[in-house]
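> Chain by chain, the residues:
Number of protein chains: 2
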Amino acid sequence: MNFADQLVKAIEKKDSRVCVGLDPVFEKLPLEYAGASDRAEAVFSFSKRIIDAVKGDCACVKANLGFYLALGDGGFATLRKTIACAKGEGLLTIVDCKANDIGNTAEAYAKSFFGFLNADAITINPLLGSDSVMPFLDYCSRDRGVFVLVKTSNASSKDFQDLKTSPRKTLSEEIASKIVEWAEYGLGSEGYSSVGAVVGATFPEEAKKLRRAMKKQFFLVPGYGAQGADAKSLKSFFDDEGLGAIVSASRSVLYASGGKDFAEAADKAAEKMKDEINSALGV
Amino acid sequence: MNFADQLVKAIEKKDSRVCVGLDPVFEKLPLEYAGASDRAEAVFSFSKRIIDAVKGDCACVKANLGFYLALGDGGFATLRKTIACAKGEGLLTIVDCKANDIGNTAEAYAKSFFGFLNADAITINPLLGSDSVMPFLDYCSRDRGVFVLVKTSNASSKDFQDLKTSPRKTLSEEIASKIVEWAEYGLGSEGYSSVGAVVGATFPEEAKKLRRAMKKQFFLVPGYGAQGADAKSLKSFFDDEGLGAIVSASRSVLYASGGKDFAEAADKAAEKMKDEINSALGV
Numbered sequence: 691m692n693f694a695d696q697l698v699k700a701i702e703k704k705d706s707r708v709c710v711g712l713d714p715v716f717e718k719l720p721l722e723y724a725g726a727s728d729r730a731e732a733v734f735s736f737s738k739r740i741i742d743a744v745k746g747d748c749a750c751v752k753a754n755l756g757f758y759l760a761l762g763d764g765g766f767a768t769l770r771k772t773i774a775c776a777k778g779e780g781l782l783t784i785v786d787c788k789a790n791d792i793g794n795t796a797e798a799y800a801k802s803f804f805g806f807l808n809a810d811a812i813t814i815n816p817l818l819g820s821d822s823v824m825p826f827l828d829y830c831s832r833d834r835g836v837f838v839l840v841k842t843s844n845a846s847s848k849d850f851q852d853l854k855t856s857p858r859k860t861l862s863e864e865i866a867s868k869i870v871e872w873a874e875y876g877l878g879s880e881g882y883s884s885v886g887a888v889v890g891a892t893f894p895e896e897a898k899k900l901r902r903a904m905k906k907q908f909f910l911v912p913g914y915g916a917q918g919a920d921a922k923s924l925k926s927f928f929d930d931e932g933l934g935a936i937v938s939a940s941r942s943v944l945y946a947s948g949g950k951d952f953a954e955a956a957d958k959a960a961e962k963m964k965d966e967i968n969s970a971l972g973v
Numbered sequence: 691m692n693f694a695d696q697l698v699k700a701i702e703k704k705d706s707r708v709c710v711g712l713d714p715v716f717e718k719l720p721l722e723y724a725g726a727s728d729r730a731e732a733v734f735s736f737s738k739r740i741i742d743a744v745k746g747d748c749a750c751v752k753a754n755l756g757f758y759l760a761l762g763d764g765g766f767a768t769l770r771k772t773i774a775c776a777k778g779e780g781l782l783t784i785v786d787c788k789a790n791d792i793g794n795t796a797e798a799y800a801k802s803f804f805g806f807l808n809a810d811a812i813t814i815n816p817l818l819g820s821d822s823v824m825p826f827l828d829y830c831s832r833d834r835g836v837f838v839l840v841k842t843s844n845a846s847s848k849d850f851q852d853l854k855t856s857p858r859k860t861l862s863e864e865i866a867s868k869i870v871e872w873a874e875y876g877l878g879s880e881g882y883s884s885v886g887a888v889v890g891a892t893f894p895e896e897a898k899k900l901r902r903a904m905k906k907q908f909f910l911v912p913g914y915g916a917q918g919a920d921a922k923s924l925k926s927f928f929d930d931e932g933l934g935a936i937v938s939a940s941r942s943v944l945y946a947s948g949g950k951d952f953a954e955a956a957d958k959a960a961e962k963m964k965d966e967i968n969s970a971l972g973v
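Listed in order, the protein sequences are those of chains C and B. Be aware that the first sequence starts at 691, since it is given in this note's numbering, and climbs by one per residue. Be aware that the second sequence starts at 691, since it is given in this note's numbering, and climbs by one per residue.
Isolated chain C, as found in the complex (with noise of 0.2 Å):
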């Protein structure tokens, strides 16, 4: 099934917006993996625990490849193990790689991430250009979606995504009216497309001119939570129907407590996440 139809499913049997972004740190984990001999196998415990406590809270996960890569020999296959158990879990995935190369290095990124891995999505840099993105959408058309970087959710975001490129038009912009033209690869019954975008929740004023542009886009929406963005300034994100987005918060539902009770806290954050953005929607 085309990966945004998949997406609307799980949003609309879950009731949330909510996805929950893995960024595991070893030196961050719960008191009780302190002095864990194996690091990766401690992450991928930590990992499973959160998805299992999470799972009714959200309608996918995020796990950024940055922090599986630095356990070490052992990170991608923790972060492949990570992957299978959200989707035993009935998860939609997403590796956050922000990956970028050009055509036949792209082939091989695609091929790890959505082969190897077995993601339902990732995340892509388009600085590139659209020959660089081509073996991505490839996936769109069956059953994978990506979200492509548009407005990041840092504040040195605007060093060059604001500059200018005419007078009407951001450089945020201009990757926008490409993923519109990109869209096509991945249009499904629902009306969204799997080529999404990546716009941070810290830009709502920014979002509002996005969403027009990008009408059929899913947005994954980062930045909630320990970023600073709050639940109503994220209605400019949404479309109409309280569609068209995911939020997603890492940090503050990963380290909501550092004692015993970190999985309970997490699906606390979690369930609070959620019910605020769906009030936030009226949804």
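Heads up, a few of these hints could be off.
Because identical chains share one entry, a pair is satisfied inside a single copy or across any pair of copies.
[Unchecked claim] Computed cross-link-like contacts, DSS-like style, restricted to lysine-lysine with a CA-CA straight-line distance of at most 27 Å:
id : residue 1 : residue 2
1  : K848      : K905
2  : K848      : K704
3  : K801      : K848
4  : K848      : K899
The set of hints was computed from the structure by calculation and includes no laboratory data. What you are looking at is a predicted structure, and each value in this text was computed from that prediction instead of being measured.
Starting from the known structure of chain C, arrange chain B on it as the hints suggest.
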């Protein structure tokens, strides 16, 4: 020692401006590896023999993360072993990972690539702006380097990188201006900074302008060989002393022969490239 200083020293010692790109694809390996049961092990053996063959012809090697991750669970360890092998042979090493993410994740990537893999330098994608680049620049003030994507070698690099952000400036040139600011993090004693730039061999006209804009930057120049650029067009990437750039080729060296003589053929291809570039520069 500062990375840019190490690079100048390596170029002078080897009398070579060549960087051999390690982009190993199992299916393309020489005949003798066909049917190998452990693909990661086969790729490591191949990478090791290529490094041994070309070590006299090149100043550095560049290993592309994508091709190693495509090997699955053992890919990242294979990349670590490959970097260690090249360093053991006295070569400088670049991991081509086009890393990009917000601050705390960029720190995780920096730890993976500079810490765990122990690469001398990496490539980074600047789309997320200054704060996303800082964790990597911190390593440039020690003994490591970065090459920031400015103008990539692929045809679609025009999509965003060539957009005009003012009547006289493109996005690539905006990135170049930031790199000049970032250069202070890695100034060496030879006049170059460890904060370099990726400028594709396929765009010599753009390179002229970028060379003028970035006088202290080492250019990492991909696109030689399989991607079509030749030695004569490379002059504009170097400075007046015939320094300031390293030219990378991957497929034209790695797969110069698919037979038993693959290592010898790679050696010859790298030596020919070295001589062509030196001859075009008159050094």
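> Could you run down the list of hints and mark each one as holding or not?
We went through each hint and held it up to the structure:
no.: 1; hint: K848 x K905; verdict: both (23 Å within a copy, 26 Å between copies)
no.: 2; hint: K848 x K704; verdict: neither (35 Å within a copy, 42 Å between copies)
no.: 3; hint: K801 x K848; verdict: between (32 Å within a copy, 26 Å between copies)
no.: 4; hint: K848 x K899; verdict: both (15 Å within a copy, 24 Å between copies)
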